[in-house]
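A.B. asks: Using the sequences and the accompanying hints, generate a full structural model.
Read off the chains here:
2 protein chains.
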Amino acid sequence: MEDENRRQFHPTKPIRCIVKLGGAAITWKNDFERISENLEIVSQQLRQAMTVSTSCGKVLGMDWSKRPGFEETSCVVDGFNFQPDLDSSHFIVVHGAGSFGHFQASKSGVHKGGLNQPLVKAGFVATRISVTSLNLEIVRALAREGVPSIGMSPFACGWLTCEKNLQIASADVSMVAKAIDSGFVPVLHGDAVLDTSQGCTILSGDVIIRHLAEQLKPEFVVFLHAQRIVHCDTDSIFSESSTLLKWMLQDVDGFPKVHEDGKWSVVKPTFENLNKQVEFTVAAHDTTGGMVTKISEAAMIAKLGIDVYIVKVATSHSLRALSGELKDNIPEDWLGTVIRFQR
Amino acid sequence: MEDENRRQFHPTKPIRCIVKLGGAAITWKNDFERISENLEIVSQQLRQAMTVSTSCGKVLGMDWSKRPGFEETSCVVDGFNFQPDLDSSHFIVVHGAGSFGHFQASKSGVHKGGLNQPLVKAGFVATRISVTSLNLEIVRALAREGVPSIGMSPFACGWLTCEKNLQIASADVSMVAKAIDSGFVPVLHGDAVLDTSQGCTILSGDVIIRHLAEQLKPEFVVFLHAQRIVHCDTDSIFSESSTLLKWMLQDVDGFPKVHEDGKWSVVKPTFENLNKQVEFTVAAHDTTGGMVTKISEAAMIAKLGIDVYIVKVATSHSLRALSGELKDNIPEDWLGTVIRFQR
Chain A
1 MEDENRRQFH PTKPIRCIVK LGGAAITWKN DFERISENLE IVSQQLRQAM TVSTSCGKVL
61 GMDWSKRPGF EETSCVVDGF NFQPDLDSSH FIVVHGAGSF GHFQASKSGV HKGGLNQPLV
121 KAGFVATRIS VTSLNLEIVR ALAREGVPSI GMSPFACGWL TCEKNLQIAS ADVSMVAKAI
181 DSGFVPVLHG DAVLDTSQGC TILSGDVIIR HLAEQLKPEF VVFLHAQRIV HCDTDSIFSE
241 SSTLLKWMLQ DVDGFPKVHE DGKWSVVKPT FENLNKQVEF TVAAHDTTGG MVTKISEAAM
301 IAKLGIDVYI VKVATSHSLR ALSGELKDNI PEDWLGTVIR FQR
Chain B
1 MEDENRRQFH PTKPIRCIVK LGGAAITWKN DFERISENLE IVSQQLRQAM TVSTSCGKVL
61 GMDWSKRPGF EETSCVVDGF NFQPDLDSSH FIVVHGAGSF GHFQASKSGV HKGGLNQPLV
121 KAGFVATRIS VTSLNLEIVR ALAREGVPSI GMSPFACGWL TCEKNLQIAS ADVSMVAKAI
181 DSGFVPVLHG DAVLDTSQGC TILSGDVIIR HLAEQLKPEF VVFLHAQRIV HCDTDSIFSE
241 SSTLLKWMLQ DVDGFPKVHE DGKWSVVKPT FENLNKQVEF TVAAHDTTGG MVTKISEAAM
301 IAKLGIDVYI VKVATSHSLR ALSGELKDNI PEDWLGTVIR FQR
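Protein chains in written order, with the UniProt record's numbering: chain A, 1 to 343; chain B, 1 to 343.
You may find that some hints are simply not true.
These stretches of chain A come out as covered by chain B in the derived footprint (C-beta under 8 Å, 3 or more residues) [stated by the list, open to error]:
1) 59-71
2) 103-111
3) 126-136
4) 153-159
5) 182-189
The calculated lysine-lysine pairs, modelled on BS3-like cross-linking and capped at a C-alpha distance of 27 Å, are [said to hold, decoys possible]:
6) A:Lys112 <-> B:Lys112
7) B:Lys327 <-> B:Lys217
8) B:Lys112 <-> A:Lys66
9) B:Lys107 <-> A:Lys66
10) A:Lys107 <-> B:Lys66
11) A:Lys13 <-> B:Lys112
12) B:Lys327 <-> A:Lys58
13) A:Lys112 <-> A:Lys29
14) B:Lys29 <-> A:Lys66
Hints were generated in silico from the structure; no laboratory data involved. Here a beta-carbon is modelled for each residue, glycine too, at the ideal position from N, C-alpha and C.
C.D. replies: This is the structure we're talking about:
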């Protein structure tokens, strides 16, 4: 009976958006466990994207706990019943780790499995401490902006993998759905999890997003990245900083096409020789499979008929993507990447 | 298939002990969100109780994250493969909230339900932030002592209640069992959860313990309290500080008896008029049902044939209880309370 309930539970309201906060977008990737100022802007933009009415009431925060460096806690309970209504039940947030978790995971080899080794087990514990610390800070930042955020760790939610982190062996999304139906914004994250083949691994936020998208069918998915990821001309693809990666992705004026077999390409404008240029570079410290995973997960989501927007964090463009402005028509002046399934 | 796995999963090793860290035992109950020094001692005692060998190797911590007020993080990876083995797979930790969570819950009335009211929803978010902050600190304190602790929030684990917090409507313990089987120490806590009858409520750590005890059948349960809770003579029962409560419980020289109907009484020595003296006082700020819940949960556990030890935290007596010394014989010089089912 209990399990029947869990199995059949889907949210009664359609989900509008799953947002991925890239690790490098919300932390200083080269500064150990340091959160970026972008997080505050992201939280404000999420609140704006969720606000139904146009009236701008005073934001009443939902983080009533002590904060290091702050003398007083903020708890104003009187105004809540006059708050403008947030359309929060339409959002799920998933975040990466950035400068949290990666150090602990790579130091111990958690992504390679082997929990019977004391160092791997210790690294598993250390990794979870680091990523759940970040999760708590993100939940708090959102709550301070009045977003009813609820931290939900994949490990605790019962997410298990097989074949390292590329396949989900078990993931009960019913609690995520119940949280949404109750008007909360679930906040999940890349996590250390148990793996049926090698004991343990790192489950990346991108794999989580794909699984949630498959199960819960959001209208669109937004990836907030540290950089606008690509410029493109007819024979080269590179990131804003010219150093990151070559990606087979296009700015808004080039839509990649996802084929029936799950492969994908750019369809507009057509660069005939683009397919020959695909090159993936995986950073040595990236324990989550790097860009190969990220791109293929985004393409898998697009294949479900769900628009994927990849956009630079904390910009006017990210706010427009979060607000759902791009759904019917991509404005000429919007900068970012759209991956859309073209049959 | 996925759900079948979850339903049938029980730990392959028997569970030795479920430990309740009382909120007042590990926090300063009258000092908002302040952790007590007891937590460090509790963590050390848990490590000692789990240590299989008698050799005292250097403790290698598993918290490799930044700590406010500490310049450097502690990450010594070299010695892990020579660590003395911990028998950690036999323990579960559940903690209360103390000066975390109660303020947020009582300010908003989360325990009374009504998630459609903006203040209750905000209080739900604020309560979870506070209790998960405490959970993270406890996981970190245990990890620093080399205990492979894993935070598992009841909300995220899918625990739901009905009829306020006294009945569990749904609680999947399979992830807790899997964590134990993988050699981890799950750390759960009193939490704000969804409730099928009134929308939401506070699920107390005591109800969690009873449910875990029913499902996972530990050898014994230890409640670590702030005070040795009772002295007793023939017609009065009171706490160490003479102020807390009157409890129908006995020091070690008086075993309460749990009757078949779930009621219980003291059987040794016999105080004939004790049953007339039962009096429960619930502190006004206690949102979890207070002592009525605590006592009845402990009695329900004893009724399963599981010994319950109630003992003052961070004492030699608590270490002896955690180590399992009391199972066959209660030493004369041990101070604490035993609740044992006598048919």
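A.B. asks: Hint by hint, note whether the structure agrees.
C.D. replies: Results of checking the hints against the structure:
Only residues whose C-beta sits within less than 8 Å of a C-beta in chain B count toward coverage, and the segment 59-71 of chain A has 7 of them, enough to reach three; the restraint holds. With 4 residues bearing a CB less than 8 Å from a CB of chain B, the segment 103-111 of chain A meets the requirement of three and the coverage assertion stands. Residue count for the segment 126-136 of chain A with a Cβ under 8 Å from a Cβ of chain B: 7. That meets the three needed, and the coverage hint holds. Coverage of a stretch by a chain is defined here by at least three residues with a beta carbon nearer than 8 Å to that chain's beta carbons; for the segment 153-159 of chain A and chain B the count is 5, and the condition holds.
Proximity of the segment 182-189 of chain A to chain B, defined as three or more residues with a beta carbon under 8 Å from a beta carbon of that chain, is established by the 3 residues found. In summary, the hint linking A:Lys112 to B:Lys112 is not supported, as the alpha carbons are separated by about 46 Å, beyond the 27 Å threshold. The straight-line distance between the Cα atoms of B:Lys327 and B:Lys217 is roughly 15 Å, inside the 27 Å bound, and the hint therefore holds. Simply put, B:Lys112 and A:Lys66 have alpha-carbon atoms about 24 Å apart, close enough for the 27 Å limit, and the pair holds.
Only pairs whose Cα atoms come within 27 Å are accepted, and B:Lys107 paired with A:Lys66 is accepted, the gap being roughly 15 Å. Between A:Lys107 and B:Lys66 the CA atoms are separated by roughly 16 Å; this keeps the pair inside 27 Å, and the hint holds. With a C-alpha separation of about 25 Å, the suggested pairing of A:Lys13 with B:Lys112 holds against the 27 Å cut-off. A C-alpha spacing of about 59 Å is found between B:Lys327 and A:Lys58, which places the hinted pair above 27 Å, so the restraint is violated.
This hinted pair checks out: A:Lys112 and A:Lys29 have alpha carbons roughly 22 Å apart, not beyond 27 Å. A distance of roughly 15 Å separates the Cα atoms of B:Lys29 and A:Lys66; the hinted pair therefore holds under the 27 Å criterion.
Hint compliance for this structure: hints 6 and 12 are broken, all remaining hints hold.
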